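Produce the entire structure from the sequences given, and follow the hints as far as they go.
Chain by chain, the residues run as shown.
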Amino acid sequence: MTPAITPTVPERASTQGKKQHLLDLQEWSAEEVWALFETTDVMAQVMTRTIKKVPALQGFTVGTLFFENSTRTRLSFERAARAQSADVISFATGGSSMSKGESLKDTLRTIDALKADLYVVRHQAAGVPYQLTRWTDAAIVNAGDGRRAHPTQALLDTYTFRECSPGFDGFEGKKLTIVGDIAHSRVARSNLRLWTKLGAQVTLCGPSTLLPHELEQFPGVTRCFRLEEAVEGAHAVMALRLQLERMQKGLLPSLAEYQARYRLTPEVMALADAQALVMHPGPMNRDVEIDGELADSERSVVERQVANGVPVRMAVLYTLLVGRQ
Amino acid sequence: MTPAITPTVPERASTQGKKQHLLDLQEWSAEEVWALFETTDVMAQVMTRTIKKVPALQGFTVGTLFFENSTRTRLSFERAARAQSADVISFATGGSSMSKGESLKDTLRTIDALKADLYVVRHQAAGVPYQLTRWTDAAIVNAGDGRRAHPTQALLDTYTFRECSPGFDGFEGKKLTIVGDIAHSRVARSNLRLWTKLGAQVTLCGPSTLLPHELEQFPGVTRCFRLEEAVEGAHAVMALRLQLERMQKGLLPSLAEYQARYRLTPEVMALADAQALVMHPGPMNRDVEIDGELADSERSVVERQVANGVPVRMAVLYTLLVGRQ
Amino acid sequence: MTPAITPTVPERASTQGKKQHLLDLQEWSAEEVWALFETTDVMAQVMTRTIKKVPALQGFTVGTLFFENSTRTRLSFERAARAQSADVISFATGGSSMSKGESLKDTLRTIDALKADLYVVRHQAAGVPYQLTRWTDAAIVNAGDGRRAHPTQALLDTYTFRECSPGFDGFEGKKLTIVGDIAHSRVARSNLRLWTKLGAQVTLCGPSTLLPHELEQFPGVTRCFRLEEAVEGAHAVMALRLQLERMQKGLLPSLAEYQARYRLTPEVMALADAQALVMHPGPMNRDVEIDGELADSERSVVERQVANGVPVRMAVLYTLLVGRQ
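As you go down the protein sequences, you meet chains A, B and C in turn.
First residue of the first sequence: 76, per our numbering; consecutive thereafter.
First residue of the second sequence: 76, per our numbering; consecutive thereafter.
First residue of the third sequence: 76, per our numbering; consecutive thereafter.
Hints in this document: simulated from the structure, not taken from any laboratory.
All values reported here derive from a predicted model rather than from experimental measurement.
There's no promise every hint is true.
Any copy, or any two copies together, can satisfy a pair, since identical chains are not distinguished.
[What the hints assert, rightly or not] Once the Cα atoms are required to be at most 20 Å apart in a straight line, the calculated SDA-like pairs of lysine to any residue come out as:
{"hint": "1", "residue 1": "Lys250", "residue 2": "Glu177"}
{"hint": "2", "residue 1": "Lys180", "residue 2": "Thr146"}
{"hint": "3", "residue 1": "Lys180", "residue 2": "Arg379"}
{"hint": "4", "residue 1": "Lys180", "residue 2": "Glu368"}
{"hint": "5", "residue 1": "Lys250", "residue 2": "Val343"}
{"hint": "6", "residue 1": "Lys250", "residue 2": "Arg321"}
{"hint": "7", "residue 1": "Lys180", "residue 2": "Asp371"}
{"hint": "8", "residue 1": "Lys250", "residue 2": "Arg361"}
{"hint": "9", "residue 1": "Lys180", "residue 2": "Asp362"}
{"hint": "10", "residue 1": "Lys180", "residue 2": "Gln276"}
{"hint": "11", "residue 1": "Lys324", "residue 2": "Glu106"}
{"hint": "12", "residue 1": "Lys250", "residue 2": "Leu346"}
{"hint": "13", "residue 1": "Lys180", "residue 2": "Val363"}
{"hint": "14", "residue 1": "Lys180", "residue 2": "Pro358"}
{"hint": "15", "residue 1": "Lys180", "residue 2": "Arg147"}
{"hint": "16", "residue 1": "Lys180", "residue 2": "Ser145"}
{"hint": "17", "residue 1": "Lys180", "residue 2": "Gly367"}
{"hint": "18", "residue 1": "Lys180", "residue 2": "Glu378"}
{"hint": "19", "residue 1": "Lys272", "residue 2": "Ala345"}
Listed below in structure tokens is the structure:
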């Protein structure tokens, strides 16, 4: 007896083998980003239904390759896959052979024998998602590589601004400010690349030890050491998580001094545009980098950022696997 | 090209947004418990088929949130979900941001962006499942909170008594005895609440350090320090797992003394009703709190308790998600 | 309201309850192995399609029970199950009750309440998969037990030889050589049992501390301490991973000495048959037991071994669950 050889769903066109990836946002045109947001609108609508599941990716498999741990980002991608009826393979390096001295290439080739159609990759070293594109026919989505890029976070931040900014009419002429540990933040880097591409002015603010010179080379980017100046007239202000282990490395003054100078408060937000949004990529240290009440205020879109994670990632998976034909 | 927007299964009525939960059993009426057992009968029948899967919860997603580790309880719920064609999101706190100082509310709000329809929650602190009901529209099932409650264990113990007690005619007038570390046992607490609601007399037995005064306040509950007296005429005797780490805290006499006075043996069971059942919620320390041969004897329904875990949890998920309309 | 009791797929014949297992290969006839390879051919074709999923095992559940950690073997089985639309339950012992002193039988009985149709078992102790067959009605697949057996690895190695050996006409008269730490290798043991059953001559090569006497009792097996002699005229040479922790136990000479005498190189492979294949079960220590360039050369079928893992395991699951009627 031979097994049933009819596939679960009919064969159909896909983008397979066309090497379409989301590595960072400089490779995507503004038009592609806007098209992705329209797909996201559809996905967001799906997630408000009683039955939050569509067959769009039935028969496909998404592999999550997290060489650096991040439960919530991984689960967000996995939910985005399953809500479209894709299968999920979850690979975390805890007990795997990477530690046995195997090369990254050999590891990826072994994993790739599982024949996922798309891999979501997080790695502590910048550039790894780019390398992987050379060793597999599957699509690659960068879920964070070193300090380099975290493009789906930037997409969901940007989608949230588009959704929540009153009377939104594009990014031209908007002042968008990021406050905190810019130096170690892949979220800041992906956002400034995307926001300047879309026409915004980006202001980066923090103590000089956490504010690298080279980012000022970017067109449309300004460095600034005083929070009041950075916030003045801004249309959105994003506070970054303060990783307290930085302090031990001498990169930070005392915590009290940091809080006094850089914590986002209702008072300093009074200097921003009257309809400015407060953002944070999470997880928050309440009352460290952001005032707890401000985080819960009407200005805050932190909960919308969180809520938009799954729809944006659904749109990314959909676009790479079947959408861009 | 816009994605397929037809849902996987047709939209249908559900209990969504009605905030129906299983937190503990005092909130459920005896009628609701009996109805749940009838649904469990159907599920138990499904699990005897060659194809142990029904489409009842297709399109729904169950999230398991285990802040305290328990592989077997988690897998039991996950199987109960998948056997009804629901999707599963599994969240364990090992590598998550809880340890980074994020508040429980912010953590739950982030997880809830995954839009599960029901969360199964275990937490070391009593009351957490109650708190979570305020922060999500999803249904909550308590899978164990501190020493407080473990309602699905109590339901499966009770369902097993209903199934296995010869000539079962209800709980009125039955004497049900629990032996061991009552003080630290959420299983004991949930069972005594359910059994007294259904009309049984409950006897709690153990050394005084493990047998709290306040439980005697419950109508229908008796404390007892002598095993022989506690077992006499009982219709079921449940031995609890002895957690040996309690000894180190000075709550227990020597292990040998505990075994001599409180181990459940065939000899002491001879004092019980002629058709009395022997129960244990597992995992067992054979020959510590229960005689190994007794655990394997005809009187023992330990294997039935284990076997009923999935059908009872299938019925709980079904009832909360689509059954109580 | 009673739940939908129609199963997801129609009831159908299955091998359930017939206790068919893959424990090791001496229990399978050569004819059964060849039939399995024909099913593997079909599965390999499925994995080249755009939609790599068939409904063959819809409604069945495969449980993976890894008492010893192996992410890649576990994921290979899980993908093989999901590609045939089976559900997967994944049990790893990290946080489970095994460490709480529960017996193996009680643990298995508890897991078996999840009612998987087939369990894939890896355990550090030889014989455990055999024991489990006595405690469950489900099929058991041995995914590695101690140093004893790893039959799916042997099947995929053998399938790869059948696929890649130029002008393949069977195993009769073939010389197949395994080099390295034979003593600790379940892969070597399963392969020599399968290869000799199919008619090949097997040569085992390594330092005497890693080359047990008793294996020479096997008909068709030769021990050999010189690599040149072992490779001469061979039709395939498989290098085994060198586990460096063996050195610390005094079983090995210095690493340099091992490499000088037993590393597989292009030079030594020149002594083999002109069309000989180079094999390695992975993960490789490049330039320890195998020359890195040789591993990437045309002679090497290491990538085919990796690629055949999922199709072979698909065929095993299919054969045990529905194929052998």
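Outcome of the hint check:
1. Taking the shortest alpha-carbon separations for Lys250 and Glu177, neither the intra-copy value of 47 Å nor the inter-copy value of 29 Å comes in at or below 20 Å.
2. Proximity of Lys180 to Thr146 under the C-alpha cut-off of 20 Å is restricted to the inter-copy arrangement: shortest distance 17 Å between copies versus 24 Å within a copy.
3. Taking identical chains as interchangeable, the C-alpha atoms of Lys180 and Arg379 lie at most 20 Å apart only when they sit on different chains, with a minimum of 15 Å there against 38 Å within one chain.
4. In this assembly of identical chains, the alpha carbons of Lys180 and Glu368 lie at most 20 Å apart only when taken from different copies (14 Å versus 48 Å within one copy).
5. For the identical chains of this complex, Lys250 and Val343 are intra-copy neighbours only, at 16 Å inside a copy versus 67 Å across copies, given an alpha-carbon limit of 20 Å.
6. Proximity of Lys250 to Arg321 under the C-alpha cut-off of 20 Å is found in neither arrangement, the shortest distances being 28 Å within a copy and 60 Å between copies.
7. Taking the closest pair of Cα atoms, Lys180 and Asp371 come within 20 Å of each other only across two copies (12 Å); inside a single copy the shortest separation is 45 Å, beyond that limit.
8. With identical chains, the CA atoms of Lys250 and Arg361 are never at most 20 Å apart, being 25 Å at best within one copy and 53 Å at best between copies.
9. Within a single copy, Lys180 and Asp362 get their C-alpha atoms only as close as 43 Å, which misses the 20 Å cut-off; across copies the closest is 15 Å, which meets it.
10. Taking identical chains as interchangeable, the C-alpha atoms of Lys180 and Gln276 are never at most 20 Å apart, the minima being 40 Å within one chain and 34 Å between chains.
11. Taking CA atoms no more than 20 Å apart as the test, Lys324 paired with Glu106 passes in neither setting, with 42 Å inside one copy and 62 Å between copies.
12. Taking the shortest Cα distances, Lys250 and Leu346 sit within 20 Å of each other inside one copy (13 Å), while across copies they are farther apart (71 Å).
13. In this homomeric assembly, Lys180 and Val363 come within 20 Å of each other (Cα to Cα) only across copies, at 17 Å, whereas the closest approach inside a single copy is 41 Å.
14. When the C-alpha separation of Lys180 and Pro358 is checked against a cutoff of 20 Å, the pair qualifies only between copies, where the shortest distance is 11 Å, while the shortest distance within a copy is 32 Å.
15. For the identical chains of this complex, Lys180 and Arg147 are inter-copy neighbours only, at 15 Å across copies versus 26 Å inside a copy, given an alpha-carbon limit of 20 Å.
16. In this homomeric assembly, Lys180 and Ser145 come within 20 Å of each other (Cα to Cα) only across copies, at 19 Å, whereas the closest approach inside a single copy is 22 Å.
17. Taking the shortest alpha-carbon separations for Lys180 and Gly367, only the inter-copy value of 12 Å comes in at or below 20 Å, while the best intra-copy value is 45 Å.
18. For the identical chains of this complex, Lys180 and Glu378 are inter-copy neighbours only, at 12 Å across copies versus 39 Å inside a copy, given an alpha-carbon limit of 20 Å.
19. Taking the closest pair of Cα atoms, Lys272 and Ala345 never come within 20 Å of each other, the shortest separation being 28 Å inside a single copy and 58 Å across copies.
The structure is inconsistent with the numbered hints 1, 6, 8, 10, 11 and 19, although it conforms to all the rest.
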